[in-house]
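Trainee: Those protein sequence lines, which keep their order, are chains A and C.
No gaps in the numbering here: position 394 of the first sequence is 394 in this note's numbering, and each next residue is one more.
No gaps in the numbering here: position 282 of the second sequence is 282 in this note's numbering, and each next residue is one more.
Worth flagging that the hints you see were computed from the coordinates, not collected in a lab.
There may be inaccurate statements among the hints.
Treat identical chains as interchangeable: a pair holds within one or across any two.
Unchecked claim - Below are the DSS-like pairs computed for lysine-lysine, each with C-alpha atoms no more than 25 Å apart in a straight line: (1) K747 to K757; (2) K18 to K30; (3) K747 to K285; (4) K30 to K256; (5) K418 to K18; (6) K757 to K418; (7) K595 to K642; (8) K18 to K256; (9) K256 to K82; (10) K285 to K642; (11) K418 to K595; (12) K757 to K256; (13) K285 to K30; (14) K747 to K30; (15) K30 to K595; (16) K30 to K82.
These numbers come from a predicted model, not from an experiment.
2 protein chains.
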Amino acid sequence: MAPVTLGQDQAQVNALAKVTGRALYAGDLKLPGLLHGKVLRSPYPHARIVRVNTRAALALPGVRAVLTGADCPDALWGVHHKERRILARDVVRFAGEEVAAVAATSEEIARDALDLIEIEYEELPPLLTPEAALASGAPGIHPGRDNVSHRIQFEYGDVDAGFAGAAVVHEATYTTHAQYPGYLEPMATVAQLDAEGRLQVWASTQSVFQARARLASALQMPASRIRVIQATTGGGFGGKLIEDANTLVCALLALKAGGPVRLVNNRLEDFLAACSSVPERITLKMGLSAEGLIVAKDVRIVADCGAYSGLSAEVMHVSAMRSDNMHRNANVRSHATLVYTHTPPHGAFRGFGGTQMQFALNSHLDVLAGMLGMDPLVVHQRNAIAAGETSLHGWHIGSTGLQDCLLQATEAMGWHGKRPGLPARGARRRGVGLACAMHVSGNRTIGNWDGSTVVLKFSEDGRVLIQSGECDMGQGAQTMLSQVVAHELLLPISHVRVAPPDTDVSPYAIGSLASRVTMSAGNAAILAARQARAQMIELAARHWRCEPGQVLFEPGLLRHAQDASRRMSWPELLRLQVWRPGGQELQVSATWDPKTQMHDTALRGNIAPGYSFAAQVVEVEVDTETGRVQVLDSFVSDDCGKAFNPLAIHGQSHGATVQAFGWALYEQLQLEEGCLMNGNFADYTMATAEAVPMLRGGLVESHEPNGPHGAKGASETAILPGAAAIANAVFHATGVRITDLPITPEKVLAGLAALSKSGASHA
Amino acid sequence: MAPVTLGQDQAQVNALAKVTGRALYAGDLKLPGLLHGKVLRSPYPHARIVRVNTRAALALPGVRAVLTGADCPDALWGVHHKERRILARDVVRFAGEEVAAVAATSEEIARDALDLIEIEYEELPPLLTPEAALASGAPGIHPGRDNVSHRIQFEYGDVDAGFAGAAVVHEATYTTHAQYPGYLEPMATVAQLDAEGRLQVWASTQSVFQARARLASALQMPASRIRVIQATTGGGFGGKLIEDANTLVCALLALKAGGPVRLVNNRLEDFLAACSSVPERITLKMGLSAEGLIVAKDVRIVADCGAYSGLSAEVMHVSAMRSDNMHRNANVRSHATLVYTHTPPHGAFRGFGGTQMQFALNSHLDVLAGMLGMDPLVVHQRNAIAAGETSLHGWHIGSTGLQDCLLQATEAMGWHGKRPGLPARGARRRGVGLACAMHVSGNRTIGNWDGSTVVLKFSEDGRVLIQSGECDMGQGAQTMLSQVVAHELLLPISHVRVAPPDTDVSPYAIGSLASRVTMSAGNAAILAARQARAQMIELAARHWRCEPGQVLFEPGLLRHAQDASRRMSWPELLRLQVWRPGGQELQVSATWDPKTQMHDTALRGNIAPGYSFAAQVVEVEVDTETGRVQVLDSFVSDDCGKAFNPLAIHGQSHGATVQAFGWALYEQLQLEEGCLMNGNFADYTMATAEAVPMLRGGLVESHEPNGPHGAKGASETAILPGAAAIANAVFHATGVRITDLPITPEKVLAGLAALSKSGASHA
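Kindly generate the complete structure, drawing on both the sequences and the hints.
Mentor: In structure tokens:
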């Protein structure tokens, strides 16, 4: 077997376990005496809990625990604000809120027990929109405060002067909606008390240490009395990061029932329980110079966090300022308001607020380019920040492939040929649209650290176990770590393996968010591997009584540069590592923490060690008779710094592209009076294979100086431009500008009708 | 909760889990689809396997795998010699040898399937004694070699001159028998293939890393494809160290059945499967000067390893030379022969060969003292090696409490009052007997290393997780590690916990043998704790911008010596450890390896960092009408260097004392034609509460310079003097010298009859 070469396609190291069904998802875990949990949810968006009677449920044979808000710790949990109880007490704030939970010997009995729980509600008028919640005199959704959960405001440069000097100014309002994460595996937890009475939790999660911290806080237990192990995780997309109640309810049931409990959402439960992305109404006013340079930007955002703020404040923060860093514009004003409503909570989602703003920004630049009579490609090219520059918010752009991405994507899609030649004038009209985006690779926001630690543990047979607390939720963290370590140590991929994250075993880790794992854990893995390599060389030198410089480190062996008789295989060397006076196991640990800064109160600070960019061109066909938009072709160009595993990056980019298509065209959570009406995959229509063309994409290797071998976060950027690229293509095809997602046939037809009524003709 | 003080009684940290039934022994593990294993054993001590037919067994519904020797890897396994196959092929060498194994959906089906396996044997004449095996012309039990498994020979000084100058010389032959380990929990293993196809094994074991190495060797798999986790272990006494086939058979069944398999011996199976202690025939010739000093010793040992050598060679090695180091005698000749027979294999057992020789040596010194008209106490006192001296074999005696042990035990038992005053002349005669012993604390025999590594992992709530690969099999390793770390860090015992040994997680460790864990892992724990303490002080100093010397480390907090406003609790500090630029989890690793030497070919070398000593006095009553010997009182004085946990040491010493009583008086494996006849606790009579007086003991703290806080191995020494002390007491009571263990009523009566026939009167 050949040593790993970075840059070659590599099947995911856990693929075999997954395709053979051996991989253990939390729902697959069977423990003796395993109980099944079920959650009763509020049917009302806002109500007072008048009376609770659990007697009949408790009396049902097979029921082992019935919990209501009264059984929960008084402590409140939450990310930004501590405001949520594991099970609601006194009042419910959204339809779907967890009100009671049951553990029983079978799932069927647990379900039946839910029916026996009597809860008398007094319905109260709900505040279902930010407008209603912000209306003067609206009652506070949370006690003792108004309905503004969070506010962000900043101003740089002279915005008004910028507008005054602009050649063109445009203002519009864009409406984005909430997207359900749509991972294959719904939330799942198994919890039990171990022999020492500690709480042991297997969870489908993006961060075991953050899950532990959340459990410790919500259950009021010391963190060391809790062990969280990542079960195989079938997708996260931000939804399994830190906001889900599934793990908390399951743990509480296990504590009360005294036995192991399994709580696996079915799809409807998952729709009700998961935080969908934050819906934002973005009013954007921008001015461009005659050369197409952005000279002023005014941003107003009203975002809806739902009943509990979760990570929505952080998401809105990203919407408000991240895209500023793509451009050289010095004059920006931003005002963002996060509002509580009596709707299901929103939060982290792939792209983390970037998606919403990039839809608005890229749509807006398309309009402004049109106003200037310029190719939007040129506008993007002229405004793009360059490597070596520092952005408005103090971000040091160490590398950017944005210009290359723009060129690659437009060339691949024949942009210059299609842009002016279109549109055809028939019933089916084709158009191409362009958008671009940026994302972080890491983010110094939690505390003042964004590091990662990797431990390498060497076996006497010469194989390496990698311990990291960073979670693989399908994105390929285990494969990346395996590749990096194997490459550094000249090993085949099969000679390294990654232990699953486990708070008792793994070194501390923040988890899989902000596209930080390749950057942080990848760098730590390199440091650890080089440390191990140096120790092995030193040991061989000591054994051969020579200088370390005379020892050659080659695949599977070390040898003396001058003396052919002196050579040791890895197993020989590793046994020697222990079995000598003063010996010890070869186990190394290395931490990498980027030299980044937390942003200050003015939202300035270089928060990430690297920034990723992407550009996308799509071609659509719009059926002007039905309003249906079909994506005919798509090319995403992904600036990943350096592609360790092109296969994996393409896979993730394609997935992101499809998720963007779904958000732009098909998916929509239907709430009626605050209640979700389409919590299933028949009615919540994610893009299927039929809706998606053969996806295309390209990689741009901009070589990030802070990255491991130049790599940075890949593919999360690829979800950001899709919606705007489609909206721009629809406009190119039809002249209809859709600013309100999703782009439904009804909206397209309405736009066409309005166009024809106004007599406007599409040039 | 107060910080731990070493020297105070401490309940075992895992006691609660054990007494509440929560502790998971391997037999308690339930896995989905768990299969039950059963082993078919040879009914003959020696036979050729002519034909094997497993068809009917395989056809039984519920049977998932049937294995015979043909299904086993060709590789042979074993410690000293690789000579054993997991399941016998072609030939069986002892009655009880593993011949076939079954995995089935229930234990009952597995048992029924055994009945359906047809094996046709051709019985062959067995060699059941060393004499028969050594007889000229005896066929080789193993192909291509004679029946001497191992031979040890050495000579120091001038033995013949020593005898020529001696005032008294005595020669006698002592016969010792095999003792079954008699742990509460029989051998138990659960094995399965994990999601990656690796072999995962939960075992009742004294060493996870040696278990892994044995599995890798026997199954011909890379060690890194195997994970061994220690299940809660209910006693080992050497029997769960490295020689048992239970783990191997279970793993092979799991590999073949493709599902998890549980193999738990019932008591009869365990009697058949476990290595009992090595029976030795020891011929001792010693000469003493008129002052009672040993001037010459000649030792001849014939030891029986049974059909496979296992660790018997190492055991015999200890018998041959360890006790030489107790005394100053310079003239020693030793010749020891280990012989194969067609009997069940012998091996490691608490005391590891010391028990056999100390019985002979202490009996012999009692006789010689009598020949000189001296008190044996005086003989022991005059010959005892002192601290600072180097023994015949090059052992540096850093500390010895032997003189104190002798004084303490004889004083506690009223030795001087009882010794001359006895015996009474009635039917029930009382006598007191004295014996002493030494043992190692660690042993540089495996490779050239005797180190241990301890990893400390700190939680954000200020609690500490201790990782060590050294196993607690009931002796208290987890409690010792908890005490040492908590003491060093000024924590209450509840703020530290020990993770169970796990080859994927724990640092490399040799395991629980040679009374090495307190010495090696205790020292490593101190190093690790001090390293952590220094890091915490350094971090606080950096935070406060002061010198480390100004930081005071106090229970639960650090504070500035001069500035009362500067203080940080552990949780504050530990969060700071991560959540700062460049931060990292506080996790430290320290290895301690003693400065000892492997012995050379002349058996010289200071193999252990410390040596423990013990003395014991017993008082017995002999019923001269029935021959029954009853122990009336016993006092063991245990030189443990420093007693961290007197409660635990007394517990272990008392247990050792009772096990010695059992060996001396009650237990005996009854073989008829090589077949075990009493493999159960009704017929194999271990000492019950009725047979044992209220045990007494004392601790001697000799402060070992190499030991952690002066501690060294405790209580294994306490099994060594018991048999001789009883034999000497019986002689004191009756004049009957029993040299052939156990001391049964029949032998006592025969001795009394011989005495009365010879007319000898007992002074």
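Trainee: Each of the hints needs a verdict: does it hold here or not?
Mentor: Here's how the hints hold up against the structure:
Taking the closest pair of Cα atoms, K747 and K757 come within 25 Å of each other only inside a single copy of the chain (15 Å); across copies the shortest separation is 121 Å, beyond that limit. Taking the shortest alpha-carbon separations for K18 and K30, both the intra-copy value of 18 Å and the inter-copy value of 23 Å come in at or below 25 Å. Taking CA atoms no more than 25 Å apart as the test, K747 paired with K285 passes inside one copy only; the shortest distance there is 23 Å, against 108 Å between copies. In this homomeric assembly, K30 and K256 come within 25 Å of each other (Cα to Cα) both inside a single copy, at 19 Å, and across copies, at 22 Å.
Within a single copy, K418 and K18 get their C-alpha atoms no closer than 43 Å, and across copies no closer than 76 Å, so neither meets the 25 Å cut-off. In this assembly of identical chains, K757 and K418 lie within 25 Å of each other by CA distance neither inside one copy nor across copies; the values are 28 Å within and 124 Å between. When the C-alpha separation of K595 and K642 is checked against a cutoff of 25 Å, the pair qualifies only within one copy, where the shortest distance is 20 Å, while the shortest distance between copies is 49 Å. For a Cα distance limit of 25 Å, the shortest separation of K18 from K256 across copies, 22 Å, qualifies, whereas the shortest one inside one copy, 33 Å, does not.
With identical chains, the CA atoms of K256 and K82 are at most 25 Å apart within one copy only, with a shortest distance of 23 Å there and 53 Å across copies. Taking the shortest alpha-carbon separations for K285 and K642, neither the intra-copy value of 36 Å nor the inter-copy value of 79 Å comes in at or below 25 Å. In this homomeric assembly, K418 and K595 never come within 25 Å of each other (Cα to Cα): the closest approach is 45 Å inside a single copy and 79 Å across copies. When the C-alpha separation of K757 and K256 is checked against a cutoff of 25 Å, the pair qualifies neither within a copy, at 65 Å, nor between copies, at 76 Å.
Taking identical chains as interchangeable, the C-alpha atoms of K285 and K30 are never at most 25 Å apart, the minima being 56 Å within one chain and 64 Å between chains. For the homomeric pair K747 and K30, neither the shortest alpha-carbon distance inside one copy (49 Å) nor that between copies (58 Å) is at most 25 Å. In the homo-oligomer, the alpha carbons of K30 and K595 never lie at most 25 Å apart, since the shortest distance is 44 Å inside one protomer and 48 Å across protomers. With identical chains, the CA atoms of K30 and K82 are never at most 25 Å apart, being 34 Å at best within one copy and 39 Å at best between copies.
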